[in-house]
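Novice: Now for the letters of each chain:
There are 2 protein chains.
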Amino acid sequence: MLKSEEHFLEIINDVFPNAHPHMLVGRGDDCAVLACPRKLCLSSDLFLENVHFRLSYFKAEDVGYKALAVNLSDLAAHGARPLGFNLNLVWPSYLDAGFCRCMLEGMAEIAGQFNLALTGGDLSLGNCLGLGITIWGQSPEKYLLRESCLPGDVLFVAGEVGLARCGLMLLEENCRHMNQYPLSLAAHLRPVPLILEGQVLAGQEAVKGCMDVSDGLARDLPRFLSRGTGVEIDPAFAVHPEVAGYCRVMKVDPIVFSLLGGEDYALLGGCAEDDWPMVQSRVSSAWKLGRVVARERVFLDGNRVFLKGFDHFEL
Amino acid sequence: MLKSEEHFLEIINDVFPNAHPHMLVGRGDDCAVLACPRKLCLSSDLFLENVHFRLSYFKAEDVGYKALAVNLSDLAAHGARPLGFNLNLVWPSYLDAGFCRCMLEGMAEIAGQFNLALTGGDLSLGNCLGLGITIWGQSPEKYLLRESCLPGDVLFVAGEVGLARCGLMLLEENCRHMNQYPLSLAAHLRPVPLILEGQVLAGQEAVKGCMDVSDGLARDLPRFLSRGTGVEIDPAFAVHPEVAGYCRVMKVDPIVFSLLGGEDYALLGGCAEDDWPMVQSRVSSAWKLGRVVARERVFLDGNRVFLKGFDHFEL
Numbered sequence: 001m002l003k004s005e006e007h008f009l010e011i012i013n014d015v016f017p018n019a020h021p022h023m024l025v026g027r028g029d030d031c032a033v034l035a036c037p038r039k040l041c042l043s044s045d046l047f048l049e050n051v052h053f054r055l056s057y058f059k060a061e062d063v064g065y066k067a068l069a070v071n072l073s074d075l076a077a078h079g080a081r082p083l084g085f086n087l088n089l090v091w092p093s094y095l096d097a098g099f100c101r102c103m104l105e106g107m108a109e110i111a112g113q114f115n116l117a118l119t120g121g122d123l124s125l126g127n128c129l130g131l132g133i134t135i136w137g138q139s140p141e142k143y144l145l146r147e148s149c150l151p152g153d154v155l156f157v158a159g160e161v162g163l164a165r166c167g168l169m170l171l172e173e174n175c176r177h178m179n180q181y182p183l184s185l186a187a188h189l190r191p192v193p194l195i196l197e198g199q200v201l202a203g204q205e206a207v208k209g210c211m212d213v214s215d216g217l218a219r220d221l222p223r224f225l226s227r228g229t230g231v232e233i234d235p236a237f238a239v240h241p242e243v244a245g246y247c248r249v250m251k252v253d254p255i256v257f258s259l260l261g262g263e264d265y266a267l268l269g270g271c272a273e274d275d276w277p278m279v280q281s282r283v284s285s286a287w288k289l290g291r292v293v294a295r296e297r298v299f300l301d302g303n304r305v306f307l308k309g310f311d312h313f314e315l
Numbered sequence: 001m002l003k004s005e006e007h008f009l010e011i012i013n014d015v016f017p018n019a020h021p022h023m024l025v026g027r028g029d030d031c032a033v034l035a036c037p038r039k040l041c042l043s044s045d046l047f048l049e050n051v052h053f054r055l056s057y058f059k060a061e062d063v064g065y066k067a068l069a070v071n072l073s074d075l076a077a078h079g080a081r082p083l084g085f086n087l088n089l090v091w092p093s094y095l096d097a098g099f100c101r102c103m104l105e106g107m108a109e110i111a112g113q114f115n116l117a118l119t120g121g122d123l124s125l126g127n128c129l130g131l132g133i134t135i136w137g138q139s140p141e142k143y144l145l146r147e148s149c150l151p152g153d154v155l156f157v158a159g160e161v162g163l164a165r166c167g168l169m170l171l172e173e174n175c176r177h178m179n180q181y182p183l184s185l186a187a188h189l190r191p192v193p194l195i196l197e198g199q200v201l202a203g204q205e206a207v208k209g210c211m212d213v214s215d216g217l218a219r220d221l222p223r224f225l226s227r228g229t230g231v232e233i234d235p236a237f238a239v240h241p242e243v244a245g246y247c248r249v250m251k252v253d254p255i256v257f258s259l260l261g262g263e264d265y266a267l268l269g270g271c272a273e274d275d276w277p278m279v280q281s282r283v284s285s286a287w288k289l290g291r292v293v294a295r296e297r298v299f300l301d302g303n304r305v306f307l308k309g310f311d312h313f314e315l
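Here the protein sequences come in this chain order: C and S. Per our numbering, residue 1 is the first one in the first sequence, and the count goes up by one each step. Per our numbering, residue 1 is the first one in the second sequence, and the count goes up by one each step.
Extracted from the complex, chain C is given alone in its bound form:
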């Protein structure tokens, strides 16, 4: 049991150093004072028990890790250099101080990988565990925005799609054969934010835009494309072997499954067709998703693919 707010702050101060070149004034005052670059990328994400994760299969460390990882992915989509974050934490009475420490250690693990400062936050009791993170980083000179691609451009993806969806389904079903899908489970429990890839993309003049694929391509593609454009999926679309295996067992279309995805935290980008070989050579994990076409919707072999993406309010 967490005995008091002070007890919680003790654990935070044990796990997260309260000194960092980015913090002129650190935690423990009304505000942190930050040494800032001229342009800051800033984003917020919620990570809520029974909405975004379940404690039946998330270890405390994974909760802390993933809450920060999904926020880092937003910075990755802008090619930003991560600097710091604030944590708003809603704490239920059924979790103890040990859980709190492990959760923060999982968060500190990924914060350490990207040299992120925890600069403050707030704490309250509540019915379920909830984490709200606001994260920021130095913006590159070039902005990687949405709706920048034209018909004929190549759409590419860095990272995997469908793998986290596969992991989620295996975990939700408590599948007996789970251990045959290690990468799927990891993709759901411990997504890797593609910070380096985003920075490399932002450094390429040829790259027209970028976004992080958090709600699945089916839902995120229309957000990335301009009105009146769609995508013809590349015939060589390579489904991840674990996804292919799972879809075979479940008798579902592996490409549709991959496009539905969700929580992929891959990066979706675009460039002119002529620039694609160069872009691919710079970001080895990038693969060609397809080509922008002058008709809305998603097409495969010339036929429209029927897809419905993820919306928290339509579940």
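A couple of the hints might just be wrong.
[What the hints assert, rightly or not] Keeping only pairs whose Cα atoms sit at most 27 Å apart, straight-line, the calculated DSS-like set for lysine-lysine is:
1. S/Lys-59 with S/Lys-3
2. S/Lys-39 with C/Lys-39
3. C/Lys-142 with S/Lys-39
4. C/Lys-142 with C/Lys-288
5. S/Lys-3 with S/Lys-142
6. C/Lys-39 with S/Lys-3
7. C/Lys-59 with C/Lys-3
[Unchecked claim] Some chain S residues well away from chain C (every beta-carbon gap over 10 Å; in silico):
8. Asp-29
9. Leu-42
10. Asp-122
11. Gly-132
12. Val-192
13. Lys-251
14. Leu-300
15. Asn-303
[As the list claims (entries may be wrong)] A short, non-exhaustive set of chain C residues, derived as facing chain S with CB atoms under 7 Å:
16. Cys-41
17. Ser-43
18. Leu-48
19. Asp-122
20. Asn-127
21. Gln-138
22. Met-211
23. Ser-226
24. Asn-303
Treat the hints as calculated values from the structure; they're not laboratory data. Please read these numbers as outputs of a predicted model, since none were measured by experiment. The beta-carbon is built from N, C-alpha and C at its ideal position, and this holds for glycine as well.
Guided by the hints, dock chain S onto chain C, whose structure is given.
Specialist: Chain S only, in chain C's frame:
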């Protein structure tokens, strides 16, 4: 009923302009890109239904207003110039689109007063209404920190203490005589962040430190004072007339009641005794709380006052 995430975003975009000198890239991308001063003050606060407010006596507009006001108060305590904020919103299915619009309009009212940009956030379904705000502003050159006062210094307060506690109690009791306490109700429902006062204090060389009194003086005084110091309350401590009236009816000590307070969002500061008249002349709402003494705890007429402050985990 909010039909979809898009429906929510429509309302947000109706109520909050998506253009501001501070936003180089606005809402609707993975990150906002902000034009930043060299030093940024940044803070986060939670505002949760049934923890921080009840819908039985908070109108939608008041929820939106207060969620942002309490965040602004943290900037006030540093004398910062408000710039922008992000909103993480947890939305329960029992609230409709009309509530959402009114809530955001209440928030936009106070955002407009301080020319704040809403730069982004996140949205999720949940069991209760919850707002998590991260706010930032330009830091003054001088930092108004805690633990800067020495024995002999004057402690002063800008704003009222005890009034919001009085308002909370009247509202919780659903008191029949509520209309006799208009300022108390307003102090609880619509606290006024002392942004201008904070900026004036930060501009005074003589001011040694400042914090916002959010958990009541009883709890916040020890956080403001250095270890080994306490406060002798000024014999002229003037209880607010509404608080005095309420305490008379309730037969409780009005000074203890005021010191317990809670959600006062007053500013607590300190300066050398010689500088006090000058500080007071610059901030007309400032009044003398007492004098720092070289013994921990709070004293009144030479006797220790027994106080227990507010802790979310001790309730």
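Novice: Of the numbered hints stated earlier in the document, which are not met by this structure?
Specialist: 5, 6, 8, 9, 10, 11, 21, 23 and 24
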